[in-house]
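As given, the protein sequences belong to chains A and B, one line each in that order. Going by our numbering, the first sequence opens with residue 1, and the numbers climb by one from there. Going by our numbering, the second sequence opens with residue 345, and the numbers climb by one from there.
Please note that a few of the clues may not be correct.
[What the hints assert, rightly or not] Label pairs and their calculated CB-CB ranges:
hint, chain 1, residue 1, chain 2, residue 2, range
1, A, GLU197, B, HIS452, 44 to 50 Å
2, B, ALA665, A, GLN335, 51 to 57 Å
3, B, ALA485, A, GLN11, 20 to 26 Å
4, A, GLN335, B, THR529, 47 to 53 Å
In case anyone wonders, no lab produced these hints; they're calculated from the structure. Just so you know, even glycine gets a beta-carbon here, dropped at the ideal spot from N, CA and C.
2 protein chains.
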Amino acid sequence: MARATLESVAQHASVSRQTVSNVLNAPHRVRPETLARVQAAIKELNYRPHQASRTLRTRRSRLIGARIEPSTDGVNGAVLGQFLQSLTARTQEVGYRVMLFTAVDDDHECALYDQLLDDYDVDAFVLHGTHADDRRTAWLAERRVPFVTFGRPWDTEPETPDRHGWVDVDGAQGTRAVTRHLIETGHRRIAFLGWPEELQGLGVGDNRRSGWASVVAAAGLGVPHGYDVGVPDGFDAGRAASASMLDLPSPPTAIVCVSDSLALGARSEITARGLRPGVDIAVVGFDDSPSAAVVGLSSVAQPLDEAAAACLRMLRVVLAAPAPPPGPPAPVLLQPRLVIRASG
Amino acid sequence: MARATLESVAQHASVSRQTVSNVLNAPHRVRPETLARVQAAIKELNYRPHQASRTLRTRRSRLIGARIEPSTDGVNGAVLGQFLQSLTARTQEVGYRVMLFTAVDDDHECALYDQLLDDYDVDAFVLHGTHADDRRTAWLAERRVPFVTFGRPWDTEPETPDRHGWVDVDGAQGTRAVTRHLIETGHRRIAFLGWPEELQGLGVGDNRRSGWASVVAAAGLGVPHGYDVGVPDGFDAGRAASASMLDLPSPPTAIVCVSDSLALGARSEITARGLRPGVDIAVVGFDDSPSAAVVGLSSVAQPLDEAAAACLRMLRVVLAAPAPPPGPPAPVLLQPRLVIRASG
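Full structure from sequences and hints, please.
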């Protein structure tokens with residue numbers, strides 16, 4: 001049944017709306033028998049005087065909008081689910097709520113911002129999945145809607161000053177740690193299995209690749225043809241791409257992967273050839289998904305709870321800032337953690 | 345920066361609140377130069393006239409409350425993440441929104457219902473994780489707050505009539521399909537690796553166990569000592585419990601598991617012993633997690649998008665029902681799907 005309204009209480013008690021309102025706000029004006037009847041109806045229908053007026057008074061909804069991601073293969077999706085869970089728990093601790101939406105692209109997401117601002121007076125947004133030419137951050141900044149992003153602004157011009165607060169995890173630092181670890185354990189032929197430049201438009205993949213590239217270069221190791229590959233994300237793509245690497249005349253002894261999905265595919269190809277991951281050939285993923293733990297895949301873990309907490313802290317600073325704002329808050333770049341398992 | 349308010353616009357334009365209100369509602373009353381100044385301030389601060397009054401008018405918030413689950417091992421958690429994503433997408437299609445919260449137990453969850461009803465006039469709740477003596481459903485029913493559950497009421501008295509609408513997936517049907525499939529592929533010694541009765545308090549585990557038990561009994565297969573085990577959920581527990589099964593004088597040739605976490609542990613123990621899953625010994629999980637797909641674990645898939653859609657359809661019926669309500673809507677029991685992979 002629908003929640004009780006002033007209307008339905010009035011109907012139930014056979015009185016006017018005004019009488020119900022009087023019972024709530026000026027009971028002395030109501031005759032005792034009517035008062036009793038209306039109070040009984042309020043109790044029976046479990047009517048709650050409406051609280052939206054609280055929002056009207058304070059002009060703060062204490063609502064934060066956030067997108068929930070459709071899970072693709074469910075491997076990498078676990079990261080955002082974890083972030084969202086932490087964000088919900090952390091916002092709840094400080095008296096805020098997370099309101100969800102789903103969106104297919106930037107324009108759709110902007111249209112939903114507009115709707116959420118109009119319909120629910122959402123105070124702020126936490127974005128993720130930032131990318132080059134992000135229309136969402138421009139949309140929000142233009143309208144002076146408070147927001148922070150989990151993910152840095154991947155501007156095409158690197159020297160562009162930040163236009164908004166952001167929290168990110170240092171992907172390059174993660175793959176640097178992976179590559180150093182592989183060199184320390186004796187590897188000299190270390191390949192990178194990444195995403196294709198034209199498919200990502202993200203910056204995330206480039207950033208992770210750069211960590212591998214810098215350590216390999218500093219160690220004076222070569223990058224033979226076929227050692228630096230970009231393919232769309234996914235288990236099957238990872239399997240196929242690693243097969244090509246293993247078929248090279250001088251195949252790599254270790255593969256650093258931009259994602260767990262690709263690494264799990266690579267690991268599967270390795271075992272299918274009767275090779276032992278971590279013994280005959282090392283393979284390391286990124287994101288420390290549950291699947292990585294299950295099959296003993298080394299990976300790079302993002303501090304997701306810390307990231308959610310940092311986003312919220314930053315958002316509260318933004319919300320408390322005077323208008324006009326003093327410029328974006330200082331960004332927060334968190335360090336990921338290398339999780340070494342059997343595979344490398 | 346905080347969102348602009350009537351107050352801040354008034355301050356910015358050096359006029360009274362009433363003047364700003366006049367600009368918005370009766371601009372003809374305002375002198376042209378003042379009008380221009382206030383309109384400039386509205387634009388500059390991106391002030392949006394507040395919409396909470398809309399809720400006050402319609403008495404419907406179009407908000408649905410739902411709990412987000414802390415991921416435990418992330419294997420089984422994927423199911424609820426997927427359900428939540430579908431629920432968000434489906435509610436969005438019909439103009440509703442999902443508001444999240446986290447709760448540590450039933451009492452905490454009820455306290456949060458109270459808060460969400462007071463603060464945001466949430467229209468209804470979608471619950472999951474129903475269990476025996478569920479305080480949450482009693483709390484909501486007493487207060488006539490509209491809700492449906494994903495998960496049936498696991499009443500201690502099976503003949504208790506339903507007190508609320510629910511959508512569930514037929515777990516017993518899932519394990520029946522698994523066990524029939526194993527018998528058809530030649531297995532005669534089929535064990536069940538479940539949850540302990542005292543730890544779950546759920547009914548879900550019993551229900552899944554009953555599907556295995558009924559098919560095994562109907563086929564005249566015995567259940568030797570050690571073939572029907574309950575352990576807490578998790579990879580390590582699954583590994584240890586399956587080790588005990590494999591050490592039996594007459595070990596099973598197939599293990600039906602109540603969850604993917606347990607099954608992945610069992611599978612790992614099988615391979616660690618040099619046995620081939622699906623060749624030397626079959627193992628089947630439940631929930632078709634991403635990890636199951638990655639390692640080739642057969643499993644039972646819940647139709648989560650269908651479940652979310654059914655919950656929402658039912659909720660809209662409940663919300664549209666007249667007061668007093670005509671009794672709970674008819675429950676919906678969905679069929680899961682057996683996904684056969686290399687392991688069995």
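Results of checking the hints against the structure:
At roughly 47 Å, the beta-carbon separation of GLU197 of chain A and HIS452 of chain B lies within the given 44 to 50 Å, and the hint holds. Distance hint for ALA665 of chain B and GLN335 of chain A: a CB-CB separation of about 54 Å, consistent with the stated range 51 to 57 Å. Look at ALA485 of chain B against GLN11 of chain A: about 22 Å separates their beta carbons, and that is inside 20 to 26 Å. Between GLN335 of chain A and THR529 of chain B the CB atoms are about 49 Å apart, so this pair conforms to the stated range of 47 to 53 Å.
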